[in-house]
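Protein chains in written order, with my numbering: chain A, 1 to 596; chain B, 597 to 836; chain C, 837 to 930; chain D, 931 to 1153.
Wrong hints could be hidden among the right ones.
As the list claims (entries may be wrong) - 35 Å max Cα-Cα, derived DSBU-like pairs, lysine-lysine: (1) B:Lys622 to A:Lys551; (2) A:Lys27 to B:Lys760; (3) B:Lys698 to C:Lys877; (4) B:Lys760 to C:Lys877; (5) B:Lys803 to C:Lys900; (6) B:Lys693 to C:Lys877; (7) A:Lys489 to D:Lys982; (8) D:Lys1036 to A:Lys580; (9) A:Lys524 to D:Lys1127; (10) B:Lys803 to A:Lys27; (11) D:Lys1036 to A:Lys489; (12) A:Lys580 to D:Lys1127; (13) A:Lys521 to A:Lys27; (14) A:Lys68 to D:Lys1036; (15) D:Lys982 to A:Lys450; (16) B:Lys657 to A:Lys184; (17) B:Lys710 to A:Lys184; (18) B:Lys760 to A:Lys580; (19) C:Lys877 to B:Lys622; (20) B:Lys710 to C:Lys900; (21) D:Lys982 to A:Lys68; (22) D:Lys982 to A:Lys525; (23) C:Lys900 to B:Lys798; (24) A:Lys27 to B:Lys693; (25) C:Lys900 to B:Lys698; (26) A:Lys184 to D:Lys982; (27) A:Lys551 to B:Lys698; (28) C:Lys900 to B:Lys702.
Claimed, not checked - Quick list of the computed label-pair ranges, beta carbon to beta carbon: (29) B:Ile836 to C:Val858: 14 to 24 Å; (30) D:Met1017 to C:Ile925: 24 to 34 Å; (31) B:Ser790 to A:Ser74: 51 to 61 Å; (32) C:Val858 to B:Phe782: 24 to 34 Å; (33) A:Phe373 to C:Ala918: 28 to 38 Å.
What the hints assert, rightly or not - Covered stretches of chain B (in silico footprint by chain C; criterion: 3 or more residues with CB under 8 Å from a CB of chain C, positions within the stretch not fixed): (34) 676-685; (35) 702-712; (36) 744-752; (37) 765-779; (38) 817-823.
No lab work stands behind these hints: they were computed from the structure. We put the beta carbon where it would ideally sit given N, CA and C, even for glycine.
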Amino acid sequence: MTHVAHAKPGAHGGGDAHHAPMSFWQKYIFSTDHKIIGIQFLFVSLFFLLVGGLLAMQIRWQLGFPGKPMPGGSILPQTMAPGGVILPEYYIQLVTMHGTFMVFFAIMPLLVGVYANFLIPLKIGAHDMAFPRINMWSFWLALLAGLIMFAGFFVPDGAPRAGWTMYAPLSARPDLSGVGVAQKLWSVSIVVLGLSSVMGSVNYITTVINHRAPGMTWFRIPLSVWALFITAILGVLALPVLQGAAIMLLFDQSLGTHFFDPVAGGQALLWQHLFWFFGHPEVYILILPAMGMVSEIIANGSRKPIFGYHSMVFAIIGIAFLGWIVWGHHMFMSGMNPTLGSTFMVSTLLIAVPSAIKVFNWMGTMWRGNLRFHVPMLNAVGFVSMFTIGGLSGIFMAATPVDIPLHDTQFIVAHIHYVLFGGSLFALFGAITFWYPKMFGRMMSEPLGKVHFWLTFITYNMTFFPMHIIGMGGQMRRIYDPTIYDFLKPQQPLNVFISYSAFALFAVQLLFAFNFLWSLKFGKKAPQNPWDDNGLEWSLPNPAPHGNWEKTPNVYRGPYEFSSPEAEARGTDFLPQSLKLPTDHDPLPAPLPATH
Amino acid sequence: MTHATQTLDQMRPPFPAETGSGVYSKKLGMWVFLASDVMFFTALIGSYIILRFGMSTPWAKPGAVLNVPLTGVNTFLLICSSVAMVKAYAAIADGKKYFLRKVPGKTLQDGGLKFWLLVTILCGAAFVSIQVVEYIKLIGEGFTPAGYREGSLLAEHAAADPIKYGLGVAGMYGSTFFTMTGFHGFHVTCGVISMLYLYFTKVLPEKYSPQDYAGIEIIGLYWHFVDLVWIILFTIVYLI
Amino acid sequence: MTTPTTTHVRPNYMLIWLYLFVMTIAEVLLAFELPVSRNLKLILLLILALWKAMLVALFFMHLKFERWRLRIIFIVPLPLAAILITAAIMEKVF
Amino acid sequence: MHWWLPPGASTFAAPIEHLFVAILILTGIAFVIVEVGLAAFVIRYRARPGRKALYTHGSTRAEVIWTAIPAVTMVVLGIVSNHYWVMIKDKRSVPPNAYHIGVHAKQFEWQVTYPGKDGKLGTDDDFTIRNQLHVPVDQPVAVELSSEDVIHSFWVPQFRLKQDAVPGMHIVAWFQATVPGEYELGCAELCGMGHYKMRARVFVQTVDEFNAWMTQQAAGGTE
Chain A
1 MTHVAHAKPG AHGGGDAHHA PMSFWQKYIF STDHKIIGIQ FLFVSLFFLL VGGLLAMQIR
61 WQLGFPGKPM PGGSILPQTM APGGVILPEY YIQLVTMHGT FMVFFAIMPL LVGVYANFLI
121 PLKIGAHDMA FPRINMWSFW LALLAGLIMF AGFFVPDGAP RAGWTMYAPL SARPDLSGVG
181 VAQKLWSVSI VVLGLSSVMG SVNYITTVIN HRAPGMTWFR IPLSVWALFI TAILGVLALP
241 VLQGAAIMLL FDQSLGTHFF DPVAGGQALL WQHLFWFFGH PEVYILILPA MGMVSEIIAN
301 GSRKPIFGYH SMVFAIIGIA FLGWIVWGHH MFMSGMNPTL GSTFMVSTLL IAVPSAIKVF
361 NWMGTMWRGN LRFHVPMLNA VGFVSMFTIG GLSGIFMAAT PVDIPLHDTQ FIVAHIHYVL
421 FGGSLFALFG AITFWYPKMF GRMMSEPLGK VHFWLTFITY NMTFFPMHII GMGGQMRRIY
481 DPTIYDFLKP QQPLNVFISY SAFALFAVQL LFAFNFLWSL KFGKKAPQNP WDDNGLEWSL
541 PNPAPHGNWE KTPNVYRGPY EFSSPEAEAR GTDFLPQSLK LPTDHDPLPA PLPATH
Chain B
597 MTHATQTLDQ MRPPFPAETG SGVYSKKLGM WVFLASDVMF FTALIGSYII LRFGMSTPWA
657 KPGAVLNVPL TGVNTFLLIC SSVAMVKAYA AIADGKKYFL RKVPGKTLQD GGLKFWLLVT
717 ILCGAAFVSI QVVEYIKLIG EGFTPAGYRE GSLLAEHAAA DPIKYGLGVA GMYGSTFFTM
777 TGFHGFHVTC GVISMLYLYF TKVLPEKYSP QDYAGIEIIG LYWHFVDLVW IILFTIVYLI
Chain C
837 MTTPTTTHVR PNYMLIWLYL FVMTIAEVLL AFELPVSRNL KLILLLILAL WKAMLVALFF
897 MHLKFERWRL RIIFIVPLPL AAILITAAIM EKVF
Chain D
931 MHWWLPPGAS TFAAPIEHLF VAILILTGIA FVIVEVGLAA FVIRYRARPG RKALYTHGST
991 RAEVIWTAIP AVTMVVLGIV SNHYWVMIKD KRSVPPNAYH IGVHAKQFEW QVTYPGKDGK
1051 LGTDDDFTIR NQLHVPVDQP VAVELSSEDV IHSFWVPQFR LKQDAVPGMH IVAWFQATVP
1111 GEYELGCAEL CGMGHYKMRA RVFVQTVDEF NAWMTQQAAG GTE
């Protein structure tokens, strides 16, 4: 077996020896172990992903079959769907909470909460995060925020009704939105979530800067960690802005301040500026980690070094930088100064450049490779092809004149789902499968994974591609019943088609849920390095023990030395980062910085 | 300290020579947090600037509504507490764990960590107390987050002299003033509580030494940052 | 020790405190007593405030004695703040 | 079933559609390169016994090429787009002979104020009609948008015109209808529970018809 070759003496075998046995509570609930915290995040955010998905199904029912009783809808209370027929006010709650849950409590924690926690220390050779206890608090605060948000469904008037973007003054004035309590819960939840994200991000940044193993130089860091590091920087700088905005919104709702109330001199657009100044970096928080993990998987699946490692890193940094100066493109139709709009248009179009670099470099990595189509690789290739569509459709909206008919229509809904579902979620399906053995010591089912990928790929495109067309036809976002408009009536059959596809897409995801849960107990036992990968994490047993390495590993080379001559000399096509060849010298460990 | 963090401290990983920040993790983490706090205050102060620029009627004249002498005293207190903090830092770096000690040849006694940190805490606590008094007085006069309260003394003054009291901007004035100074006060309170905690768990038991006084340094960074924010706030809220 | 805090000459903290104190007094006098135009007043007050803030950051927070890789952390948010405020103000000036 | 933008009925339709097609071609090329390339690589380079991957860390030349081409394309696209953007949205682009109509949005209706016989808004003979927008054909019309409560968005798909109505702001949007007929005005920004039914009818009439209608309404007095 090839994966025995790089086993390091002392790297495993009772790796937990220096830790006294812990009770169940210490080990799994109030854990400070970054891997357990990652797994906690995984279960919680998968739950919220399911919640978001269920909300989406109801939205699709209403759009496909407006006014018809929803199957099973009769269990909903009279205030939401009497007799199973969705009410307009419930419909807006659905779209609001679908967006909120998916963005803040599913995709963001899945990418950052789960994989920043799980991968950063494992991939840079650290024993844990820099601040394990703050890390634990970050998880519990995120869960608290999620529960506060979830509670919105069960208070009088129901969940918030202002869209996930919470545009003021609709969100600020209960008399206009019709929601009192839940609107405040939204603000409180976001403030708590912001705190959690900042705590997490401070941890990730400090860990990456200070806790790398000897020899793990900046340009030997795996791309996933680079992406997560830059994401953490975005998080630390962007989330406080949203927190500040949410606090002002909360004060408007409860203390009688007038930040967003034009009647008393406030500015309605101020909310949009603050929200999108956070919101666009947030968009990259939702895609950069996916890009990083996909890079990891594509290099592994292609058995080739990543094409243009340095430009990949600079592309990540470039996207993150541009992310701060493009927020105005969400406000092209808002009555913003048109000259400002021109500036934002150019900066937005420029994002195509680093994105193109990434896509072509992924293709360059696959070019003349030896492609192994394991499930993660399938999903990663799916990511590249779908992200490309999402990126290209963005150009339509970046060009301001073309944006006029497309803004706030289903076209933008298609675009965001091509990036967040076709992008982030495909990457996550790949990542979950790829690192599943590291988390749980077992493999997910390969045949089931392949069936899931292909069915998802097909139903996903059937669901979201036609949305471009109905968006071009002019269907506005968040409207309860498109059939009352004459110009939308002809395309109602397409809406029905999308709804059926969406139901199928949801059903296919149950396959993934089954695979995930079933493999926990009955999956094949994972070998130590199931994917023949180079990463430091695979020098540990599966699952890795608390504290990771007994002795900090040394790093001798970059993360993507697949098919190198040295590897071939060993009769394999991979070369783990921690494997010492006779020609390698040990990196010098630096002295500890003084504690003051 | 939990078991896990103890073992982690024992097996702190070595630092690669040519990389890393060159400072220990807690300090680095505090700086990253401060950067994030800058963005938080950007949201609040930025909104104030944006809203003030957007008003069509003039803002209230400095000192018309707010009590500048009182907050001037507050500013003084915060500057004093900041310098006391840095003196505490210098004291423990020199190994002075004591409260006060007689130094030969000098009339004033020499302050150690215990003395200077106590001064810091007292000044900080006094700042918060004065701010609470200020709030109570302002609200009593009729200045609330929603603007000038109907029928209050302030509303009468404002009606008589709308330019001086910025009648047209009362709502914005109240909103921004209370939010900005309120969150600054919240930061000060958090700092005072943390310092009290350190004072009783680490400073009085003399756990800090010239080899390890990370706690003093990072709480100091936070404290100076809060002072820095106040310097900006005092000028743009009270004086302009 | 190789850490910067021990290699540099410690600044005279009480002197910095005196500067801060005097500048605060100057600010209050400027705002209420000095008969200069409003715009000049505004600029002078902002310069004084930034100067004081710089003193605190450089000496009390020791940024003067830190390496650039640490200073940069504190500097990065400032242009972002400037971008946000400038863009949102431009809104009103067209 | 239509698969394209709704048939255009204003002077903005043609330039926007041309730009749309241009972007469609550009993105179409990129789409084909990427997707066909991916498919070809997936088939051609799949793992087979004895296959060896090429050991390479990349090619600076290739990377410069695929950095430069998108960069140049995007800058050109930006310059071209900006021309039309200024034409449509810039305040100074509103034609001086435009016919001004006030549109006041509120939850959940459009209140359209016509200038009456003197052709000027803000005079005594103004009159207001709910949810009906009458405009003359081939005549620039400036819509003066305002909002009562929350943010709404003035959206007539056939005119290719969308503009938010923001409370506290006075926004002027202009267009010139080219095809007489009946259209719909919808709200494109979530404005509350009744967002979906915030619908008004738009009548594009010949100048004679419009004048006749105007006279009749003005005679009927203000509502």
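We went through each hint and held it up to the structure:
Restraint check for Lys622 (chain B) and Lys551 (chain A): the C-alpha separation of about 23 Å stays at or below 35 Å, so the hint holds. The hinted pair formed by Lys27 (chain A) and Lys760 (chain B) fails the criterion: a straight-line CA distance of about 63 Å is larger than 35 Å. For the suggested pair Lys698 (chain B) and Lys877 (chain C), the alpha carbons sit about 47 Å apart, so the restraint of at most 35 Å is broken. At roughly 17 Å between alpha-carbon atoms, Lys760 (chain B) and Lys877 (chain C) fall within 35 Å of each other, so this suggested pair holds.
For the hint pairing Lys803 (chain B) with Lys900 (chain C), the CA-to-CA distance comes to about 28 Å; that is within 35 Å, so the pair holds. Between the alpha carbons of Lys693 (chain B) and Lys877 (chain C) the distance comes to roughly 46 Å, so the proposed pair goes past 35 Å and is violated. A threshold of 35 Å between alpha carbons decides the hint, and for Lys489 (chain A) with Lys982 (chain D) the separation of about 56 Å lies outside it, so the pair is violated. A hinted pair counts as satisfied when its Cα atoms are at most 35 Å apart, and Lys1036 (chain D) with Lys580 (chain A) does not qualify at roughly 72 Å.
This hinted pair does not check out: Lys524 (chain A) and Lys1127 (chain D) have alpha carbons roughly 55 Å apart, beyond 35 Å. A distance of roughly 30 Å separates the Cα atoms of Lys803 (chain B) and Lys27 (chain A); the hinted pair therefore holds under the 35 Å criterion. Taken as a hint, the Lys1036 (chain D) and Lys489 (chain A) pair is honoured in the structure, with Cα atoms around 25 Å apart against an allowance of 35 Å. Only pairs whose Cα atoms come within 35 Å are accepted, and Lys580 (chain A) paired with Lys1127 (chain D) is rejected, the gap being roughly 69 Å.
Taking the CA atoms of Lys521 (chain A) and Lys27 (chain A), the gap is about 19 Å. The hint holds against a cut of 35 Å. For a cut-off of 35 Å, the pair hint linking Lys68 (chain A) to Lys1036 (chain D) stands: about 29 Å separates their Cα positions. For the hint linking Lys982 (chain D) to Lys450 (chain A), the alpha-carbon distance of about 25 Å falls within 35 Å, and the restraint holds. The suggested pairing of Lys657 (chain B) with Lys184 (chain A) holds, with an alpha-carbon distance near 34 Å, which does not exceed 35 Å.
A threshold of 35 Å between alpha carbons decides the hint, and for Lys710 (chain B) with Lys184 (chain A) the separation of about 44 Å lies outside it, so the pair is violated. Restraint check for Lys760 (chain B) and Lys580 (chain A): not satisfied, since their Cα atoms lie roughly 76 Å apart, outside the 35 Å limit. For the suggested pair Lys877 (chain C) and Lys622 (chain B), the alpha carbons sit about 41 Å apart, so the restraint of at most 35 Å is broken. With a C-alpha separation of about 26 Å, the suggested pairing of Lys710 (chain B) with Lys900 (chain C) holds against the 35 Å cut-off.
Taking the CA atoms of Lys982 (chain D) and Lys68 (chain A), the gap is near 58 Å; set against the 35 Å cutoff, the hint is violated. For the hint linking Lys982 (chain D) to Lys525 (chain A), the alpha-carbon distance of about 29 Å falls within 35 Å, and the restraint holds. Annotation: proposed proximity of Lys900 (chain C) to Lys798 (chain B) holds, straight-line Cα distance about 28 Å (limit 35 Å). Proposed proximity of Lys27 (chain A) and Lys693 (chain B) is contradicted: the alpha carbons are some 39 Å apart, above 35 Å.
The straight-line distance between the Cα atoms of Lys900 (chain C) and Lys698 (chain B) is roughly 32 Å, inside the 35 Å bound, and the hint therefore holds. Straight-line distance between C-alpha atoms of Lys184 (chain A) and Lys982 (chain D) comes to about 60 Å, which puts the hinted pair past the 35 Å bound. Proposed proximity of Lys551 (chain A) and Lys698 (chain B) is contradicted: the alpha carbons are some 50 Å apart, above 35 Å. Among the hinted pairs, Lys900 (chain C) with Lys702 (chain B) is consistent with the structure: their alpha-carbon atoms are about 31 Å apart, no more than 35 Å.
Look at Ile836 (chain B) against Val858 (chain C): about 20 Å separates their beta carbons, and that is inside 14 to 24 Å. Met1017 (chain D) and Ile925 (chain C) have their C-beta atoms about 26 Å apart, which keeps the hinted 24 to 34 Å range intact. For Ser790 (chain B) and Ser74 (chain A), the hinted distance range of 51 to 61 Å is satisfied, since their beta carbons lie about 54 Å from each other. Our hint of 24 to 34 Å for Val858 (chain C) and Phe782 (chain B) holds, since their Cβ atoms are close to 29 Å apart.
In this structure the supplied range 28 to 38 Å is violated for Phe373 (chain A) paired with Ala918 (chain C), their Cβ-Cβ distance being about 49 Å. Check on the stretch 676-685 of chain B: 6 of its residues sit with their Cβ under 8 Å from a Cβ of chain C, so the three-residue criterion for coverage holds. Coverage of the stretch 702-712 of chain B by chain C is violated. Counting CB-CB distances below 8 Å, 0 residues qualify, and the rule asks for three or more. With 0 residues having a Cβ less than 8 Å from any Cβ of chain C, the stretch 744-752 of chain B misses the three-residue criterion, and the hint is violated.
A count of 0 residues in the stretch 765-779 of chain B with a Cβ less than 8 Å from any Cβ of chain C is obtained; the coverage claim is therefore unmet, three being the minimum. Three residues within the 8 Å Cβ limit are the bar, and the stretch 817-823 of chain B against chain C gives 4, so the coverage statement holds.
In terms of the numbered hints stated before, the structure departs from hints 2, 3, 6, 7, 8, 9, 12, 17, 18, 19, 21, 24, 26, 27, 33, 35, 36 and 37, listed from lowest to highest.
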